[in-house]
Structures are given as structure tokens and as C-alpha cells.
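Chemist: The primary structure of each chain is shown beneath.
6 protein chains.
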Amino acid sequence: MTMARLIEYDEASAEIRAVYDDIMATRGTDWINNFWKALANHPPTLRRTWESIKEVMAPGVLDPLTKELVYLAVSVSNGCPYCIASHAAAAKKQGMTAQMLGEVLAVVGMANETNSLANGYRVPVDERFENLF
Amino acid sequence: MTMARLIEYDEASAEIRAVYDDIMATRGTDWINNFWKALANHPPTLRRTWESIKEVMAPGVLDPLTKELVYLAVSVSNGCPYCIASHAAAAKKQGMTAQMLGEVLAVVGMANETNSLANGYRVPVDERFENLF
Amino acid sequence: MTMARLIEYDEASAEIRAVYDDIMATRGTDWINNFWKALANHPPTLRRTWESIKEVMAPGVLDPLTKELVYLAVSVSNGCPYCIASHAAAAKKQGMTAQMLGEVLAVVGMANETNSLANGYRVPVDERFENLF
Amino acid sequence: MTMARLIEYDEASAEIRAVYDDIMATRGTDWINNFWKALANHPPTLRRTWESIKEVMAPGVLDPLTKELVYLAVSVSNGCPYCIASHAAAAKKQGMTAQMLGEVLAVVGMANETNSLANGYRVPVDERFENLF
Amino acid sequence: MTMARLIEYDEASAEIRAVYDDIMATRGTDWINNFWKALANHPPTLRRTWESIKEVMAPGVLDPLTKELVYLAVSVSNGCPYCIASHAAAAKKQGMTAQMLGEVLAVVGMANETNSLANGYRVPVDERFENLF
Amino acid sequence: MTMARLIEYDEASAEIRAVYDDIMATRGTDWINNFWKALANHPPTLRRTWESIKEVMAPGVLDPLTKELVYLAVSVSNGCPYCIASHAAAAKKQGMTAQMLGEVLAVVGMANETNSLANGYRVPVDERFENLF
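Protein chains in written order, with the numbering used here: chain A, 905 to 1037; chain B, 905 to 1037; chain C, 905 to 1037; chain D, 905 to 1037; chain E, 905 to 1037; chain F, 905 to 1037.
The set of hints was computed from the structure by calculation and includes no laboratory data.
Source: prediction; values computed, not measured.
A portion of the hints provided could be inaccurate.
No copy is singled out in the list; a pair is fine if it fits within one copy or between any two copies.
Claimed, not checked - Taking lysine to any residue and the SDA-like style, the derived pairs with C-alpha atoms no more than 20 Å apart in a straight line are:
(1) Lys958 x Thr930
(2) Lys996 x Asp925
(3) Lys997 x Pro948
(4) Lys997 x Arg951
(5) Lys997 x Glu912
(6) Lys997 x Asp914
(7) Lys996 x Glu1031
(8) Lys996 x Thr930
(9) Lys958 x Asn1035
(10) Lys996 x Glu955
(11) Lys958 x Pro948
So that you can see chain A by itself, here it is in the shape it has in the complex (with noise of 0.2 Å):
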């Protein structure tokens, strides 16, 4: 049930390893998920996403709480297993709780419902919405 072999630190490249061992002492863990493991099948995708979700999952004027609320709410939508598997847990890490969880899906299942409204009813923008930055 995957692509593609799962590569374990034990086999992989110095390249590799220095992903994984820099996703650890990021994460304070001593385990890495699958994602990566699939990832290193292709060493600079493993380099590159890693080095990107650092960034933008690093504490900016949103809190790491709120980052993985977001992160959470898109792969739901999309509709990813693996996704909101992944990163239901890591929000969980962030302190997400049963019933922040309960809202956050609330919100999801409301944004698809009345996106769909509004395209279906193709509604024209409101003067007032452009142009808002």
C-alpha cells in the first residue's frame, strides 16, 4: 500500500541523514514519520520541503498553534488521510484539544458548504472587499 520503499536512518545517505537529523533536534523527537521516509526517495524534495516547512511553520506573527490549526484545515478539506493524520497530531503537540478540534472542523465543513453557494449562485464581489492591503 505505498509508491515506494520507505528509506530507514539506518540505510540512508549522509545527504539524508542530515535531513532527518536536523528534523529531530527541530521537533525535539526521536522518530521520523513516514512523510519524510517517502520523501527521501528523491533526496533534494526531502531537502527542499524540509527547509520550507521549517520557515513557514516557525513562530512569526502567528502563533506554531494557530500554523498547524491552518495546516489541518486545508489537508481536511482536501480530503488527504495521511495529512490530517500528520498534522492532527502535530497540532494535538501544539495543544490542540478535542474540542478545538470539534470548532476547527466546524469552520472547514462551513467554508466548503458556502463556498459552494457562492459559486453555485455566482456571486459578483462586493465593491467593498477589493483591494483590502
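Starting from the known structure of chain A, arrange chains B, C, D, E and F on it as the hints suggest.
Modeler: Then chains B, C, D, E and F, alone, in the frame of chain A:
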């Protein structure tokens, strides 16, 4: 450039006006945006959608800004032009800055990228990500 | 605001005209909508798509109105502006009223909402829902 | 293979049981499918979603079978495995035959194909398709 | 874990066998994959889909490998598990290596990321990108 | 009709100009398209996205034209108007002809059709399609 007439307050039935009035009172505004004027073509959908939105977007364990960021993120990921514009405006009203928008969009972009990578390699869900709640 | 020229009947090749003629004869109309004029940029796609549509949308165990409602519903869910407009028109021609449109959109909205909820909670399929046919 | 516990009737709160009872009474069945048992992790979403579904799927100008076919079509187009299975079962209960399923899927397939063709050629909406209602 | 029976060659009608025979002859193989065995539940869809695929995937100005890479890329982006698996196999048969797969997935990932960024900022189309063909 | 200002070269910060300069040098052009001018509202996203695109779209085991066709195909499938227009232009610059565009769109259309058929019948993955790499 629309499917159906936008029903203005002055021409609306009492049933529709009651919803419009509640929208304006709840939001503390004196105008109705096009989404509701379009939904008014089917009053049961207008009423039910508004009541659902009002319940879901009310403050809970998540604050209104976080909920609006999630709503916006899903709308961006779905590529719904009206919803992006209207929920960016709603998020701005709740305090979203241009910098926050930049961070939200960066997370949405990464989520969409890694969702397709996880699907593409058909990555199996790690045992540790099961039964989180 | 387009990718390629819209090929009008007067400038079309015999191969393209044959398809245009069949579209107009089958539909009992005297005009060709832009979708086909765009597909005419690649005649094999024009011919194959038309023949497929003609076969699929012909009366079967489902009547033409039901088929058009399904077509419209998928187009709305996908957020394809052209397809929403053209299949709403086709459905109207088959008898769709504003009230029916309202009910279809309400169902589409609920489907999109509950699809994301089912994905979000990663709900396992009930045994009773397997091997239905 | 799930996000959260499925809450069974015997362990459910009175608030949840009231919804479960109404689902079974409305549907004339003596069991609850997993979707609702998952939503029960967030009782307000359970209640609101059920009330909305009950209202939207009730007979209107469209009959229940047509509504279920539309619901199924959107779920198929979205690729939501749970929703496809559960709404195929619901549609079958309303009378959908294997032949009807075949025709619905054929329409969904064509809609997805032509949606991407219309988007790909960036086809402008015909004037005649504007302001239909 | 399926909707309908998979119809094997031995139990298939003459109409279905004719399609199965053509699939095996065209592909130079002696087996039929599950997709076609499922479509055989609705013979007109089986026949039409096979004829369309045969025409579209035949060598043209694009070679078969390029076409399979595009097919795979869309399937990955849509998150269709069966389609990803079957078209990765088809692409491999046409010569796709693990390295090529890595590059295709990297492009698919970037496309999904930048699609959401372009939608999120509601970027207007540059004049130079109009009427390309 | 936009979310945020498009930041022109003349008013850009040194950080933004450095990216703009690299885009023009890499592409051998003297102008910047709107996508980058919008991303410039969040300079870290501008820089990271450009560096990722530059790496991913560079010649590899796949040539630049094949990569652009894949990029375009995903953008079409997602229905992102800006991305379709800009990547069709990029593909044309790499040699895509109108005939190639026609064939790409035909494949994208078939992929979307068969993706929904495979999902609709919930087709199980054939054993032979597992662990391809």
C-alpha cells in the same frame, strides 16, 4: 455575471428582512453583502446558512480571528474568489494584518504542496497518528 | 480573457462544421456556445467530447433533467464558472425552476460540508455500506 | 484508522442520544452509522449537522431520490470514500438501481472532464447564460 | 471495500469481453486491471471510456511517456489513490524512473502551492498572457 | 479585483529587487509578472517560492517543456485562472504548440473523468500496482 438577482432589502419579503436584520445586528453593520442577497433567492437556505454561520463563528475555545483565518485558508485552498474576498475582509475586521495574511497564505501553500506529495508517494499513516482523541 | 480563438462556424473546417451541425440538430437550436468553439482548436477533442456528451446525456433510466441537475451540481462543487453558467442554462431548458436550483445548491452545500467532516474525523466505512451492488 | 472514538448509544450523553433517537425515528431504522458517532465528539456539530441534513434532504420540489443522487454525485466528484459509500447506500434505499448508478457516474465523469476542458481553454461565458433567474 | 462486483472475464458478457480483448491486445498484456472490471457494471461506460482512453493516450505530438506523466500528475493532484497507483504503473511501463517520479511530484507539489498563492492574492492575469493561441 | 497592491520594481525594497533581478536574469526577460508582484507583499514567501520554483523547474531527468506541461496540467485540473494563463505562456515559451496544448488538455480531461469513475466505484488497487519503486 451572475446566476440570479441580488435581492435588496427594500424589495425583500418579511422572512428575508428578518434574516437581513439579524445579520446587521449581529455584525454591527448597516449593509448586507452580496452573498446573502443571492441566497435570498431560496429563503430556507438563507435562514439555515445564516443560523449555522452565526453559531459556528461565535467565540468558542477558538477566538473569532482564528476562526476567520481558518475560513479564509479553506476558501483560498478551494479557489473560491468570492469567499476569498469576503473572508479576507472578515478576517481583517477581526484584526488580520497584511503580515498575518502573508503567513496564512504561506501555510496554505505548504499544505497544498505537501498534501500532493503525501498522496503521490501514497504514504501510509504512522501508527502513532492513530486514535488521537 | 481566453486561451485560444473561438472558432466561428463561417471559418470552420468541414470536420468542425459537421460537429457543429450535429450539436445544433440534436439540441434543436441555431447557435453554438463558446465551449465548442474553443474545443474546435483541437478537432479530435471536439468530436470525441461531443459524441460522449451526446451519449451520456441522452435519456436513459434517468431523465434528462435529473442528468442536468447532477451535471450542474458537480460543476458547482468544482467551482467551474463557465460550466455552472452553461449547465444551469441547460438544466433550465429541461425544466429546472429557481426553486429547484435552490434545492440543488442546498444539497451541494451540505454534501461539501459533510464530506469535509467525514474526512476530518477519518470516519471508517460501516460494514453495511460495503458491496452494495 | 480513525481520528476519534466512535461514541456508541449506550455511552452517549442525553444530548447525543436525543439526536440519535431523532435520526433513527426519521429514517425508520434501529442503528446509527459511524458518521454520526464520530460527530458526537462535538455535540453542537452533531446537532446542527443533523438538523440541516434533515431539512435539506426532506421532500421538496425535488424528490428524495434525486436529492440523494446529487449528494452522491458531489461525494464521488470530491473523492470522499466514506461519503460515497454512505450516500450510495442512502440512494439505493431511495430506489437507485445499479443501472442508475452507472448513469450517474457517467455524468459525473463527463462533468469533471468538461470542467477541466472549459477551464483549460479559459472559455468566456456566453451572454445568453447570464442572469438566468 | 468496493461499491460493486469486479466482473471477471469468465463471467463477462460478449459485449464486455470484446472490450477486455481489445484492452489486452492494445496493451500487449494478458490481464485486466480492476478499473475495467468495475466499469463493466455499466457496459456503455466501459466501452466509451476505453475508446476515449485509447484515442487520447495514443502517440501524437506528445509521446506516450509524457502523456502518462501528465495523467499521473493530475491523479496525484486530485488525490485519487487507485489512479495514482495505476498510472504510476503505466508511466513506469513507458519508461518512468524513480528519479522522474521524484521530479514529477516536485512539480505537482509546486503547482499546488503556487495555485493557492495566486488564488489567495487574487492575482490579475497579465495582459501578455492573454490570447496565446 | 485584487487582494493586495502589486509591488512594482521602482517602489520595491532592496530585498524584493534582488529577487526580481534574479527572476529576470534566470528567465532572460526584462519584466516581472503579477504573481511575483503580489507575493512581494510578504518578502519571505517571495524569496522562498522563487528559489523553490527555480530549483524544481531547472532541467533534470525531465526537460523544461515536460515540466511546464505537467505544471499547466495541474493548474488546469485545479481551475486556477491565473496559473493556467501564466503556465500556458511559460509552456509556449518552451515550445508548446496549439496541438500540444490540445493533447495535454485531452489527457487532463480524461484523467479527471476516470479519477471520478475510479472513486465512484471504489475500485481496489490491484496487487501488481503496489511497491513500484
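Chemist: Can you list which hints this structure breaks, lowest number first?
Modeler: 2, 3, 4, 5, 6, 9, 10
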